[in-house]
Amino acid sequence: SAVISQKPSRDICQRGTSLTIQCQVDSQVTMMFWYRQQPGQSLTLIATANQGSEATYESGFVIDKFPISRPNLTFSTLTVSNMSPEDSSIYLCSVQKTANIQETQYFGPGTRLLVL
Amino acid sequence: AQSVTQLGSHVSVSEGALVLLRCNYSSSVPPYLFWYVQYPNQGLQLLLKYTSAATLVKGINGFEAEFKKSETSFHLTKPSAHMSDAAEYFCAVTRDDGGSQGNLIFGKGTKLSVKP
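Residue numbers (my numbering), protein chains in the order written: chain A, 17 to 132; chain B, 17 to 132.
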C-alpha cells in the first residue's frame, strides 16, 4: 500500500489567485495522478505525472491552467491558476507503484477548494 | 465512449439487510474493475479489484463483487449492512484506449445510507 498526504486539506481562495497543492507519498512510486471531483460528480482525471517527464494532460485540461511538478518519486504539486468559482472542487492525488495496469491506485485524502 | 454506470445515486438499507450496489461498464478489451469507498471528508479507499482471476472477488469489510462478462456487470454486495458502511461507493474500470497506464474511468458514485 501507499500512504499519501495532501496539503492543504482545504482552502478558500479569491478568484484570480492561484493555489498550489502538494502531494507526498511515503514510498517511491512510478506514477502519480491528479483528479478533480466536482460537487455531486465523479472523479475526472486531470493529468498523469511521471518523474523526469512532462505531465500528460487529459482532454479539457491544459498546462497553463493546471501546471504540475514531479521533482522526485515521492512528491508532486498541482497548481490551480487564475481561479474562478468553477474551480471549486476536491482535488485528489493518486499514486500507482508501477506502470502495471493491474496495479492498485491509492488515493490521498483530497484538497477541498472553494473559490469565491 | 467508454463508461461506467452506477444505477442509483442513493441507496438506503436497514442495518442487517443486504447491500447491493450496481455497476455496469463498457470496455472493448478485457477489463480490470475496482470498487472504492469514500467516507465523509476522506480520500478513496480500495474495497476490492478484479484482475481476470476469480470472477467472485472478496474485499475488505465483508464486501464482495462478481464479474459477469455476459452482463458487463460488477455489482458490489454485502450480506448484512452495518452502520459503519454508510459512505459513497465508486466503481471504476481501466481505460481501453491505450491511454495512460492505470488510467481509471469512474462511475458517478452511489451514496449508501444505513438506517438503524
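Hint data in this document are derived by calculation from the structure and do not stem from the laboratory.
Incorrect hints may have been included.
Reference listing, derived: stretches of chain B covered by chain A, where coverage requires no fewer than 3 residues with Cβ under 8 Å from a Cβ of chain A [as the list claims (entries may be wrong)]: (1) 83-97; (2) 119-126.
Residues from chain B that face chain A, not an exhaustive set, calculated with beta carbons under 10 Å [what the hints assert, rightly or not]: (3) Gln18; (4) Gln22; (5) Thr71; (6) Leu72; (7) Phe106.
For each residue, glycine too, the CB sits at the ideal point set by N, CA and C.
We went through each hint and held it up to the structure:
no.	hint	verdict
1	83-97	violated (count 0)
2	119-126	holds (count 6)
3	Gln18	violated (13 Å)
4	Gln22	holds (9 Å)
5	Thr71	violated (15 Å)
6	Leu72	violated (17 Å)
7	Phe106	holds (7 Å)
When the structure is compared with the earlier hints, violations turn up for hints 1, 3, 5 and 6 and for no others.
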